[in-house]
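Visitor: So you can see what is in the structure, the chains are spelled out below.
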Amino acid sequence: NAGVTQTPKFQVLKTGQSMTLQCAQDMNHEYMSWYRQDPGMGLRLIHYSVGAGITDQGEVPNGYNVSRSTTEDFPLRLLSAAPSQTSVYFCASSPGGETQYFGPGTRLLVL
Amino acid sequence: AQSVTQPDIHITVSEGASLELRCNYSYGATPYLFWYVQSPGQGLQLLLKYFSGDTLVQGIKGFEAEFKRSQSSFNLRKPSVHWSDAAEYFCAVAPRGNDMRFGAGTRLTVKP
Chain A
4 NAGVTQTPKF QVLKTGQSMT LQCAQDMNHE YMSWYRQDPG MGLRLIHYSV
54 GAGITDQGEV PNGYNVSRST TEDFPLRLLS AAPSQTSVYF CASSPGGETQ
104 YFGPGTRLLV L
Chain B
2 AQSVTQPDIH ITVSEGASLE LRCNYSYGAT PYLFWYVQSP GQGLQLLLKY
52 FSGDTLVQGI KGFEAEFKRS QSSFNLRKPS VHWSDAAEYF CAVAPRGNDM
102 RFGAGTRLTV KP
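Order-wise, the sequence lines are chains A and B.
Using my numbering, the letters of the first sequence map in sequence onto residues 4 to 114.
Using my numbering, the letters of the second sequence map in sequence onto residues 2 to 113.
Calculated directly from the structure, the hints in this document are not laboratory data.
Be aware that a few hints might be false.
Said to hold, decoys possible - Calculated cross-link-like contacts (lysine-lysine; reagent style DSS-like; alpha-carbon spacing at most 30 Å):
id, chain 1, residue 1, chain 2, residue 2
1, B, Lys50, A, Lys17
2, B, Lys69, A, Lys12
3, B, Lys69, B, Lys50
4, B, Lys112, B, Lys50
5, B, Lys62, B, Lys50
6, B, Lys62, B, Lys112
Unchecked claim - If you only want the chain B side, here are some residues facing chain A, beta carbon under 10 Å, derived:
id, residue
7, Val5
8, Pro8
9, Gly104
As the list claims (entries may be wrong) - Which chain B residues stay away from chain A? Per the calculated CB distances, all over 12 Å, these:
id, residue
10, Glu16
11, Gly29
12, Thr56
13, Glu67
14, Ser71
15, Asp86
16, Asp100
Where a beta carbon is used, it is the ideal one built from N, C-alpha and C, also for glycine.
Bound conformation, chain B alone (with noise of 0.2 Å):
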């Protein structure tokens, strides 16, 4: 079945630890793949996106995603978490274009 899976529900990391937020897929072609972040009572914002080319892709708030095939994954990772990242991050496929599909998301917490 065509599905998105982020395995870990709640992750939590000091300040200044690097960070990788896990994202798995299962459809037959490479869909388009994205992240997204959620800071409580918000909408969402994208942080990057991947259609085609360079597998590592840079987004916004110094985060960046590589897209691993062999693997179906599309991890997020941040080299050095700031308190102020501490959200729920989404990881979402369109494989269609529109018809969008997200994962549960996963909440991280940052200790100080």
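Just chain A, with the same shape it has in the complex (with noise of 0.2 Å):
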């Protein structure tokens, strides 16, 4: 099993543009969630999946959009990235929403 994959590993965005950053998971996990890391705040929760074709709010959602169309994909949506959004993301899976098991994420920048 790879576990949880994400891409890409790094990106550099400029104010206003948009992109998307991938999760995958190959353990079955219903339970999918995005964080985000910045320095002194430990994570934040910004979008979670209890399944597929369901999505919820954490934390910090705004400027953030998720799908859940397949059990493995969990993909995350910048419309219109703002310098706000630099940070570290970092997806993870859980197999009954209890533990959860973590990609090795993406570093975002944006200018």
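Build the complex: two chains, separate frames, hints provided.
Guide: Below you can see the structure in the form of structure tokens.
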């Protein structure tokens, strides 16, 4: 099993550009989540999904969209990037809403 | 307000010394409790978790944590720290299962 994979590993965007951060898991987990990590703030939940076709907002959802068309994939979309979205983004999956398994992260820089 | 607090931003210990990292939470009911470790440039690795039962939980890499309901705490301990334990440690709670909330983290430095 590859576990949780994220692409790209690093991305630079200009303000106003859009992009999609990809996340995939091969563990057949129902739950998937997106977090952002900023210095001194730990990880903050952006959006999460409890199964295909079901998504919900976390602590900091503004500026981000998600969809869950398959169990395996949970992409995170930035429609119009802002410098405040410069961060490290982690995707995670969980078999039952408890222990989460994290991907390696995507570093995003918005200029 | 619901929160997870790690009071120590940075801790330095000597190799071989004991370690305790503090975590307090503020939720109405006892949530699921976790400790994760993050090495520089890496993702998060689960050290241990508490759902119910025995309040002293054993984890990987020689770590343990004790849940104290009366203090709303879930402190992480290790009897003898190794240089490879230098990393950032995150306490996390999951009040409703998937809605996991993290503390701000404690960075551990290990002196030779």
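Visitor: It remains to establish, for every hint, whether it holds in the given structure.
Guide: Hint by hint, here is what the structure shows:
no.	hint	verdict
1	Lys50/B <-> Lys17/A	violated (40 Å)
2	Lys69/B <-> Lys12/A	violated (39 Å)
3	Lys69/B <-> Lys50/B	holds (14 Å)
4	Lys112/B <-> Lys50/B	holds (28 Å)
5	Lys62/B <-> Lys50/B	holds (14 Å)
6	Lys62/B <-> Lys112/B	holds (18 Å)
7	Val5	holds (8 Å)
8	Pro8	violated (13 Å)
9	Gly104	holds (5 Å)
10	Glu16	holds (26 Å)
11	Gly29	holds (18 Å)
12	Thr56	holds (18 Å)
13	Glu67	holds (19 Å)
14	Ser71	holds (24 Å)
15	Asp86	holds (19 Å)
16	Asp100	violated (7 Å)
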